[in-house]
Each structure stands twice: as structure tokens, then as C-alpha cells.
Amino acid sequence: MTGGAVKISSSTGATGAIRAGATGLIFVAPALVLYAAFVLWPLASSVYYSMTDWDGISQARWIGFANFERAFADKIHLASYLHVTLYILGTLVFEVSFGLFMAVLLNSDRPGFALLRALFFSPVVLSMSAAGVLWTFVFDYRTGIINASLKAIGLTDWAQPWLSQPTTALLCVMLVSGWKFAGLYMILFFAALRRIPRHLYEAARLEGAGPVWSFCNITLPLLKQNILVAVLLAVTGGFAGFDLFFTMTNGQPYNSTEVPATWIMKQAFDNDQLGYGIALTVILTGVVCLISLIYLRYAERSHVVEY
Amino acid sequence: MLPRTPALTRRAFSLLALGAAAWGSASLPALAAPAEVRITHSMTGGAQKEAFDAIVAAFEAAHPDIKIKQIVYDDDLYSDTGLITQLKSSSPPEIYFQWAGAPTQRDAREGFAMDLSEALGAEGWKDSFIAPAFSQQMGVLNDGKPYLVPITLDVTNVIWYNKQIFKEAGIAPPANWAELIDLTKKLAGKGETPFVIGNQELWPLGNWASHIASRVVPPADYEAAFRLEKPFNTPDFEKALNLVDEIRQAGGFNKDIAGLGADPAMSTFFQGAAAMHPIGSWLVSSATELAEKDFDYDEFNTPLIDPAHPLKDSVIGTLTGFAVSPKSQNPQQAITFLRFFTSPENQVKWAEAGSFSPVKGAMEKAKLDPKTKAMADLLNSAGSLVPPPDTTYPVEVAEAYYQAAAYVAGGEKSPKDALVWLDDRVKTMRK
Amino acid sequence: MSSNTDARPRTPGEWLQFGAGSVIVTVMCFPAIWMVYSAFKSNREIFRSPFGLPAEWRFENFTKAWIEGGLGALFLNTIIVTGLGVAMSVFFASMAAYAFTRLDFPGRRALARLFLVGLLLPPPAVAIALFTQLSALGLINTLWALILTNGAWTIALTTYLLGGYFRSLKREMEEAALLEGANRFQIFWHVVMPLVKPAMITVAILNAINIWNELLFALLFISDDAKRTLPAGIVRFSGYHSTDYSLIFAALTITTIPIMIFYFICQRHVMRGLTAAVAE
Numbered sequence: 000m001t002g003g004a005v006k007i008s009s010s011t012g013a014t015g016a017i018r019a020g021a022t023g024l025i026f027v028a029p030a031l032v033l034y035a036a037f038v039l040w041p042l043a044s045s046v047y048y049s050m051t052d053w054d055g056i057s058q059a060r061w062i063g064f065a066n067f068e069r070a071f072a073d074k075i076h077l078a079s080y081l082h083v084t085l086y087i088l089g090t091l092v093f094e095v096s097f098g099l100f101m102a103v104l105l106n107s108d109r110p111g112f113a114l115l116r117a118l119f120f121s122p123v124v125l126s127m128s129a130a131g132v133l134w135t136f137v138f139d140y141r142t143g144i145i146n147a148s149l150k151a152i153g154l155t156d157w158a159q160p161w162l163s164q165p166t167t168a169l170l171c172v173m174l175v176s177g178w179k180f181a182g183l184y185m186i187l188f189f190a191a192l193r194r195i196p197r198h199l200y201e202a203a204r205l206e207g208a209g210p211v212w213s214f215c216n217i218t219l220p221l222l223k224q225n226i227l228v229a230v231l232l233a234v235t236g237g238f239a240g241f242d243l244f245f246t247m248t249n250g251q252p253y254n255s256t257e258v259p260a261t262w263i264m265k266q267a268f269d270n271d272q273l274g275y276g277i278a279l280t281v282i283l284t285g286v287v288c289l290i291s292l293i294y295l296r297y298a299e300r301s302h303v304v305e306y
Numbered sequence: 000m001l002p003r004t005p006a007l008t009r010r011a012f013s014l015l016a017l018g019a020a021a022w023g024s025a026s027l028p029a030l031a032a033p034a035e036v037r038i039t040h041s042m043t044g045g046a047q048k049e050a051f052d053a054i055v056a057a058f059e060a061a062h063p064d065i066k067i068k069q070i071v072y073d074d075d076l077y078s079d080t081g082l083i084t085q086l087k088s089s090s091p092p093e094i095y096f097q098w099a100g101a102p103t104q105r106d107a108r109e110g111f112a113m114d115l116s117e118a119l120g121a122e123g124w125k126d127s128f129i130a131p132a133f134s135q136q137m138g139v140l141n142d143g144k145p146y147l148v149p150i151t152l153d154v155t156n157v158i159w160y161n162k163q164i165f166k167e168a169g170i171a172p173p174a175n176w177a178e179l180i181d182l183t184k185k186l187a188g189k190g191e192t193p194f195v196i197g198n199q200e201l202w203p204l205g206n207w208a209s210h211i212a213s214r215v216v217p218p219a220d221y222e223a224a225f226r227l228e229k230p231f232n233t234p235d236f237e238k239a240l241n242l243v244d245e246i247r248q249a250g251g252f253n254k255d256i257a258g259l260g261a262d263p264a265m266s267t268f269f270q271g272a273a274a275m276h277p278i279g280s281w282l283v284s285s286a287t288e289l290a291e292k293d294f295d296y297d298e299f300n301t302p303l304i305d306p307a308h309p310l311k312d313s314v315i316g317t318l319t320g321f322a323v324s325p326k327s328q329n330p331q332q333a334i335t336f337l338r339f340f341t342s343p344e345n346q347v348k349w350a351e352a353g354s355f356s357p358v359k360g361a362m363e364k365a366k367l368d369p370k371t372k373a374m375a376d377l378l379n380s381a382g383s384l385v386p387p388p389d390t391t392y393p394v395e396v397a398e399a400y401y402q403a404a405a406y407v408a409g410g411e412k413s414p415k416d417a418l419v420w421l422d423d424r425v426k427t428m429r430k
Numbered sequence: 000m001s002s003n004t005d006a007r008p009r010t011p012g013e014w015l016q017f018g019a020g021s022v023i024v025t026v027m028c029f030p031a032i033w034m035v036y037s038a039f040k041s042n043r044e045i046f047r048s049p050f051g052l053p054a055e056w057r058f059e060n061f062t063k064a065w066i067e068g069g070l071g072a073l074f075l076n077t078i079i080v081t082g083l084g085v086a087m088s089v090f091f092a093s094m095a096a097y098a099f100t101r102l103d104f105p106g107r108r109a110l111a112r113l114f115l116v117g118l119l120l121p122p123p124a125v126a127i128a129l130f131t132q133l134s135a136l137g138l139i140n141t142l143w144a145l146i147l148t149n150g151a152w153t154i155a156l157t158t159y160l161l162g163g164y165f166r167s168l169k170r171e172m173e174e175a176a177l178l179e180g181a182n183r184f185q186i187f188w189h190v191v192m193p194l195v196k197p198a199m200i201t202v203a204i205l206n207a208i209n210i211w212n213e214l215l216f217a218l219l220f221i222s223d224d225a226k227r228t229l230p231a232g233i234v235r236f237s238g239y240h241s242t243d244y245s246l247i248f249a250a251l252t253i254t255t256i257p258i259m260i261f262y263f264i265c266q267r268h269v270m271r272g273l274t275a276a277v278a279e
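Residue numbers (numbering that gives the first Met the number 0), protein chains in the order written: chain D, 0 to 306; chain H, 0 to 430; chain W, 0 to 279.
Hints listed in this document are in silico derivations from the structure and should not be mistaken for laboratory results. Keep in mind that a hint or two might mislead.
To be verified - Okay, derived cross-link-like pairs now, DSS-like style, lysine-lysine, Cα gap no bigger than 25 angstroms in a straight line:
#	chain 1	residue 1	chain 2	residue 2
1	H	K238	H	K87
2	H	K311	D	K150
3	H	K68	H	K87
4	H	K166	H	K144
5	H	K311	H	K372
6	W	K196	W	K169
7	H	K185	D	K74
8	H	K359	H	K48
9	H	K162	H	K125
10	H	K326	H	K125
11	D	K74	H	K125
12	H	K229	H	K125
13	H	K162	H	K184
14	H	K185	H	K254
15	H	K366	D	K74
16	H	K412	D	K74
17	H	K254	H	K412
18	H	K238	H	K185
19	H	K292	W	K63
20	H	K162	H	K144
21	D	K150	H	K189
Model the full structure from these sequences, guided by the hints.
Listed below in C-alpha cells is the structure:
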């Protein structure tokens with residue numbers, strides 16, 4: 000999730016490129032071999048295994064589309080896509096929007112702001128598993144500091160088993176995700192904000208416009224491209240989401256935080272159904288590619304991505 | 000692989016059974032080149048490994064024509080890839096450690112394990128084991144034929160209780176279900192948390208809830224349901240889940256049951272923050288390591304539910320044992336070793352090293368520490384053994400039942416609704 | 000970033016801005032601060048007063064966590080995986096990026112598009128197939144399983160980032176070298192590499208953070224405790240010792256501090272790299 004690049008390189012950039020023939024291939028070969036062996040090949044073999052009944056040990060048995068039929072009748076599997084959609088919507092609020100807000104708030108040359116930005120960004124470099132373990136303790140019903148704080152200020156009734164209630168568990172994961180990644184979006188928007196000419200704001204101020212007006216009429220339109228890129232990052236990152244769910248809730252309570260990644264791993268490795276698990280990964284790949292294609296079409300039209 | 004669910008369960012179970020030495024003790028070569036028997040397992044050290052090594056040495060002394068070679072893997076590695084790569088190789092080891100239930104049955108089907116009917120039938124070998132070890136449900140058998148020599152029994156669920164809290168509340172272990180509900184109400188009334196269960200991985204409550212169901216539902220129906228041959232939504236299963244619901248209504252469960260991990264729940268129990276904790280026999284070893292010295296606890300089995308049920312005094316547990324590879328070099332010598340290993344004298348040593356021996360009389364004769372002794376007594380008094388569904392039936396079916404029980408314990412669904420959900424859930428699974 | 004610090008007195012609005020920023024940042028940092036000082040407490044203290052400062056600062060918690068968690072081995076494994084993974088990914092990607100932006104060869108467009116797939120694909124989508132493939136290769140439970148997969152999974156992004164940088168460079172020096180009769184490889188090694196070094200350092204740091212923190216592959220491909228990396232080791236450790244909060248907090252603190260120090264040292268690179276990654 001950290002730093003997914005989205006500026007798609009344009010092949011036209013190579014106008015005047017040196018005709019290199021096979022030499023060019025030699026330069027590409029090491030990267031290509033590694034990439035093909037550990038990204039493309041497993042992707043291709045997934046298609047075969049997705050049509051087998053296989054426990055990883057016995058001989059794989061060809062069963063056609065039965066795994067896919069099962070996948071579309073598997074209600075928890077279907078619900079996992081609902082949960083990941085909610086999670087992505089959550090990340091748009093807690094990561095992207097909050098990141099944008101903080102970028103505007105911390106956009107100043109005054110002393111101290113650079114430190115605040117650095118601190119705000121720091122959770123991004125932490126490992127997800129450390130973050131997940133830490134926050135599991137923070138949310139703990141008996142000893143967590145959230146409930147302890149609530150009790151300390153007299154709101155004993157507000158203390159909840161946060162990660163054990165379907166109504167709050169997913170929200171908790173979203174909050175931690177926000178805590179972890181808002182800094183990433185903050186720094187992206189911050190860099191873009193620095194490129195907006197200051198005289199635009201000064202002119203607006205002279206005409207009596209407030210900061211809110213300036214934000215809506217200057218900042219947002221000028222950041223449109225960055226926002227679109229951030230949304231793509233949040234969406235693709237959301238589908239890859241596994242670590243926090245695994246360390247904090249593992250899909251519970253009552254499968255209310257089950258997302259495709261956690262459900263797939265359970266099917267494949269806890270239930271020894273690698274064939275079915277791989278079929279689920281093929282569906283996940285399909286969904287992500289479809290969304291990316293739709294996005295790219297849209298982005299091409301609004302010139303976010305040159306292609 | 001993932002340190003979760005069955006993998007974790009497996010790990011926890013085998014903590015009792017296993018522990019680092021490399022290759023077994025070498026013996027002096029006999030005149031003729033001795034036949035080699037290779038044994039692969041995951042005992043990397045500890046008392047059990049020492050006892051095993053001693054028995055191996057005694058065997059080699061008694062049988063100079065046979066040489067034992069141990070191939071040892073770390074626990075997780077063994078169950079993930081260590082064993083399977085050996086079984087699939089061109090020269091599999093003669094003897095390998097395996098779990099009863101689905102793994103043994105798979106090995107039988109795949110031809111990795113040998114049919115031991117003939118060997119066990121000879122000279123009353125089979126009769127030297129406690130009878131429940133070879134009962135249909137324990138998973139040593141496939142198509143009625145044995146494929147595993149059972150060596151260790153692990154109890155996967157009893158109810159551990161905090162003796163001090165029980166004393167302060169003036170209560171004693173219950174004799175039947177009604178008493179259990181009464182004492183739960185009493186504890187809840189005093190503001191205690193009667194039960195702490197960390198059910199994030201579903202098996203902690205699921206194991207218990209299936210033990211309860213096995214005592215309520217007629218055995219044939221129970222088995223048929225888990226094999227997807229009959230529905231779960233029957234009055235009998237509903238009655239079983241109603242019992243779980245009774246505990247919930249009595250204020251029995253911790254509020255964070257659904258999201259708490261299994262290990263943090265045990266820690267809560269050790270901290271004295273809950274009166275009871277239903278979990279397996281591995282709590283004893285964890286307590287030595289993690290509980291305060293003055294922490295005083297004991298255990299009781301799930302109390303009597305239905306006096307008319309054939310499994311009314313059952314204990315829930317798993318069996319592990321040794322299987323023989325039919326494709327190996329010296330299967331007959333392997334059987335000679337296994338007979339030696341399961342002799343009553345050697346099994347007393349095995350029991351004293353901390354294993355629950357399934358050989359008749361071994362636990363009675365062994366000198367044991369009080370906690371282990373109590374567990375042995377509990378096993379002895381058991382009329383029957385019930386295996387946990389996740390080692391016996393398709394894992395996804397077991398998990399679905401566990402989930403249904405979780406719904407009931409959390410008050411998310413009524414027992415009836417949970418069973419309707421469960422039948423709908425298993426509908427998509429292959430039989 | 001604060002080089003041209005504004006020296007005028009702050010207006011009330013600016014004070015408000017600074018105040019609000021500080022409060023939000025402090026609240027966000029609190030869980031981490033809580034983790035660090037709780038690591039010095041005894042278990043009982045954590046249970047009794049979750050907030051209080053330790054009555055006695057127990058440094059022995061850290062020694063215990065280091066030993067019981069086998070953190071030394073975890074660090075070493077993580078360093079090996081990260082180091083080799085990053086080196087492989089950055090070196091191969093710089094060659095590929097050079098070819099994609101500077102050379103014309105058959106299949107260039109098609110290959111460049113193939114690399115695009117890797118930008119959007121979520122790792123869980125091939126994790127299982129990768130697992131079976133690595134088992135077949137006998138690489139499961141070896142550090143190579145993580146080095147190769149992490150190298151491969153970061154290569155697409157690295158190629159594109161470096162490609163963007165190559166495009167911003169002038170070609171004169173390369174052309175001059177070509178006229179002097181240097182071949183493609185000499186040009187790449189002696190002319191191009193020195194020029195792209197700053198960009199390589201930036202992407203190397205980015206990749207290092209990503210690989211250092213990678214959890215999914217680490218959980219799936221390694222089952223041997225002695226070969227785990229930090230993220231997987233921490234999950235494992237906290238599961239097994241979940242009864243011992245102070246030990247877990249100590250382990251978390253030990254594992255978090257180095258990456259934090261690394262971040263604050265390389266802060267500019269990290270932020271610049273990320274900005275380049277998205278904003279260009």
C-alpha cells in the first residue's frame with residue numbers, strides 16, 4: 000500500500016530512443032524473469048488450479064467451474080466484498096479525507112510544522128503487524144486504554160468490547176487503518192499544495208473570501224488529479240488489505256470483518272482447500288482488474304494518467 | 000501455516016507431546032547388517048523425547064538385528080511440509096507420527112499408511128489398548144480397519160476453575176447441568192465473570208459446544224450431520240445449543256467472547272478475572288510457565304446432561320499415534336518396534352514423561368504429578384471418548400458448527416436461527 | 000522543508016492552526032508512547048493501572064523479550080531478506096527502466112504494459128498459487144522464498160518510478176558517450192548509473208520499508224520459527240505470550256525503534272520518494 004505508483008509511464012517518452020534490438024531485451028531480461036516467475040506465472044497457474052478440487056497434498060482433481068459456483072453461493076465470501084467496500088469507504092474518510100485535512104492544516108513554514116508533519120507521517124513506516132498488535136491492546140475490553148479513558152472520565156457505560164461487536168469491529172479496523180495511512184495521503188497532498196501558486200489565495204483573500212471558500216474553489220479543483228490518484232491507491236490498497244484484519248480480528252466477530260484476503264487464506268490453509276482458495280483469488284484478481292480498467296478509462300478522459 | 004485455528008490447536012495439543020536432539024542413539028552394529036527402521040516425528044526435546052530415546056535404546060539392545068533412526072522436525076514444520084515430503088519420497092520412513100481422524104484417513108486413502116488389521120489382531124495387541132481408542136469416531140480406523148497405533152491421548156476440553164473464587168462464592172464443581180447453570184448465576188450475581196472464552200478463532204467454544212451436542216444428539220445423527228448426510232436443524236441439536244444459550248442467559252460469558260483471542264482468554268483466567276475457563280489439557284503446561292505461583296486451579300468435566308444418553312459421561316479428546324508406511328523398506332521390523340513401544344512397561348515410562356497413554360493400566364501404574372493424575376482419573380472415569388469435529392470431519396463443516404455456537408453464545412442468533420443459518424451455510428459445501 | 004522558515008510573529012489564526020495540529024498529532028502518537036512506557040512496567044501494573052507510569056523502570060523486560068522472542072534472529076532474517084530483496088529489485092528495475100525509456104527494441108510497449116499489471120495486483124491474489132509454486136521448487140521455509148517474491152513484487156513499481164526519473168534526465172551525456180564509441184552496457188554502468196543514484200536511493204528506501212514490513216508472504220512461506228522475519232515473528236510471539244503484556248510491549252518497542260530511527264534519518268528521502276511515487 001505504501002507508495003503505489005500510478006503515474007503510468009508513457010511510451011512516447013522514448014521518442015528518439017536508441018534502436019537497440021536484442022540489447023534492449025538483455026536489459027529487461029533480469030527484471031522480466033523475476034517478475035514472470037513470481038508474479039505472472041502464479042497468476043496464470045491460478046487459472047488452472049481454480050478448476051480443481053485440491054487439498055495441497057493429494058492429486059488435484061479437475062472439477063470445472065464447481066469452485067466458482069460454490070464461491071457465488073458462499074454467503075460469507077459475498078459478504079467479504081461488502082465488508083471490503085465498507086472498509087474502502089472508511090479509508091476514503093479516515094485516510095484520504097483526513098490526510099487532505101491534515102495537509103491543509105499543517106501546510107505552513109512556521110517552526111514546528113515540519114516536526115508535526117514528520118510525526119504525523121511516522122505510523123506509515125511502522126509494520127502493520129506491530130500496529131495491529133498494539134491497537135488490539137488499545138481496544139482491549141478489560142485492560143485497553145480506550146475503555147480505561149472512558150472509565151476515568153466517568154463514562155463507564157460507554158466502555159465496549161470494541162473488537163467483539165459486529166457494530167464496532169469493522170469501524171475499529173478502519174480507524175487503525177486511518178491512523179496508519181493518513182500520513183501517507185497528507186504528504187502526497189502536501190507536496191501538491193506547495194505547487195499551488197500563493198497569489199491565488201492572496202487574490203481571493205483580497206476579495207474577501209474565507210479559508211473555506213478558498214479550499215473549495217481553489218485547493219480542491221487544483222488537487223483533483225491528486226485526489227483521483229489517492230482514491231485509486233485507497234481502492235487497490237483496500238483489496239490487498241490483510242495484515243490489520245488478520246492481527247486485529249481475523250474476520251470475527253461473526254464474520255463481520257471478513258474481507259476477501261482473510262477469507263481466502265482461511266479456505267486455503269485452515270480448511271485445506273487450496274483449489275477453492277485459488278478460485279477465490281482468481282475472482283479477486285478479476286474484480287481488482289475490472290475496477291482498475293474502469294478507473295483508467297475515467298482517468299484517461301480526465302487526463303490524470305497519460306498512457 | 001497461518002498461526003491460527005487448527006494449526007494453532009495442533010500446536011497447542013502437541014506441546015504436551017513433544018519437544019531437540021537430532022538423530023537417535025546409535026547402537027553397536029550386529030554381525031549381519033541390521034535392518035534400519037526410520038521413525039519421523041516432531042519430539043524435539045523434553046521429557047518425552049528422553050523417555051522415547053530410552054525406550055529406543057532398550058529396543059536396540061533387545062533386537063541387535065534392528066537399528067532405529069529418528070528423523071526429527073520442529074512441530075509446525077512437521078505438519079506443514081516435513082512429513083508430507085517424506086511420505087511422497089521414493090523411500091518413506093518406516094514409522095511416522097500422525098493425528099487420528101482426517102489426517103490418518105487421508106493417509107489410508109492415499110496409500111501412505113498401512114492397514115494394521117493383521118498386526119493388531121495378532122496376540123491380543125489391540126486388546127491391550129483402552130477400548131474407546133479403536134471406537135469408530137476416534138479416527139484410528141478407515142473403513143473399519145486400523146491405520147494407526149495410538150500412543151497419546153489429549154483432552155481438548157474440560158472446565159478449569161479458579162479454586163479461590165469457587166471457595167469465596169461457596170460453590171463446588173457441579174454434578175449436572177442444572178447445577179452448572181445455578182453456580183453460573185450465582186457467580187454472575189456477585190459480579191464475577193463466570194466463564195472466559197477467547198472465541199476469535201471459533202474452536203475454543205466450538206470444541207465445547209460440540210462436546211455438549213455429542214451428549215445430547217443421538218451419536219448416529221451427530222455423525223451424519225457433520226458428514227452432511229443429515230441436517231443440523233433438528234430438535235436434538237436445538238436442545239444442545241439451548242444449553243449454550245442457558246449459559247449466556249445466566250450471564251455466563253465474558254462480554255468480549257467473540258473477538259478475544261484464545262491465549263489472551265487463558266491469561267484472563269490466570270489473572271483471576273474469571274471463575275472458569277473451558278479449554279484443553281495444555282492449560283497445565285501454560286500455567287506452570289505463565290500463571291503466578293499462588294494461582295490455584297482445578298478442573299471438572301462437562302457435567303451430566305442427559306442420563307439416558309449413551310455418551311453421558313464422555314470426554315472430548317484427540318488421539319495421536321504412529322503409522323507404518325507400506326512402501327518402506329522394513330515394515331515388519333517397524334511393527335516389532337511398535338509392539339515393544341506399546342508394551343505396558345514401556346507405556347508406564349511414556350506416561351511418566353507426561354503423555355496420556357492409551358494402553359490399559361499404564362496411567363494407573365505410572366507415578367504422576369497431581370494435576371496430571373487428576374486428568375488421568377478424569378479419563379479413566381470416562382465412559383467414552385468423543386473427538387473434536389475439526390480433526391474428524393471436514394474442517395469447514397466443523398467451523399460452520401462452531402460459528403453457529405458462537406452466534407448463540409454472543410446472543411446474535413437464537414439456537415433455532417443459528418441452526419437454520421448452519422444448514423444454509425453447509426449447503427454449498429461438497430460432501 | 001523548513002529551510003525558509005517564516006520569522007514574522009504568529010497571528011491568532013496561526014496559533015490556532017499550530018494548536019490544533021499539535022493536539023491531533025499528540026493524540027495519534029499516544030498509543031505508541033503508551034506502548035513504550037508500558038514496556039517498562041510489570042504485568043500486574045499494566046492490568047491494575049493501564050495509564051500510570053511504571054513504579055520501577057524494568058529494563059529487564061527488554062532483555063527477556065530479546066531472548067524469549069529470539070529477536071536477534073528475527074532482525075537478522077529481516078535484514079537479509081530486505082537487503083537482498085531491495086538490491087535485486089532496484090538493480091534489475093534500473094536496467095529495465097533504462098531500456099524502457101532509452102532503448103527501442105521489439106516488444107517494448109507490450110512488455111511495459113505487462114509490468115503495469117504488477118502495479119495494481121493485490122498480493123493476496125496470487126499468494127496461494129505462489130505458495131504451491133515455491134513448495135514445488137523446494138523453497139518453502141527458506142529465506143529465498145521471501146527474497147525472490149518480495150523482489151519480484153516490488154519490481155513493477157520500482158521500474159515505473161525509475162522510468163519517470165530517467166525521462167526527466169537529459170540525454171546529452173549518454174549521446175556523447177555513444178559517439179565516443181562506448182557500448183550500451185558501458186554507458187549504463189558508467190554514465191547512467193551515477194546519474195540516477197539519487198533516485199535509486201529513494202526507491203531503495205521505499206522498497207526497504209515495504210519489504211521490512213511485509214507480513215502475508217512471511218506468514219505463508221515460512222513455518223520454521225528460526226527463519227521468520229520480524230512482522231511474522233511479532234504476530235507469533237504476541238499470540239504465544241499474550242498472557243505477558245509487558246513482554247509483548249517490550250518486543251514491540253524493540254522492533255519499532257530501529258525503523259523509526261531509520262525513518263527520521265532518511266525522512267527527506269522517504270517523503271520525496273512517496274511524493275514522486277504518486278504526484279510526479
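Practice task
Any hints from earlier that this structure breaks? Give me their numbers in increasing order, please.
Solution key: Of the numbered hints given earlier, those the structure breaks are 1, 2, 4, 7, 9, 11, 12, 15, 20, listed in rising order.
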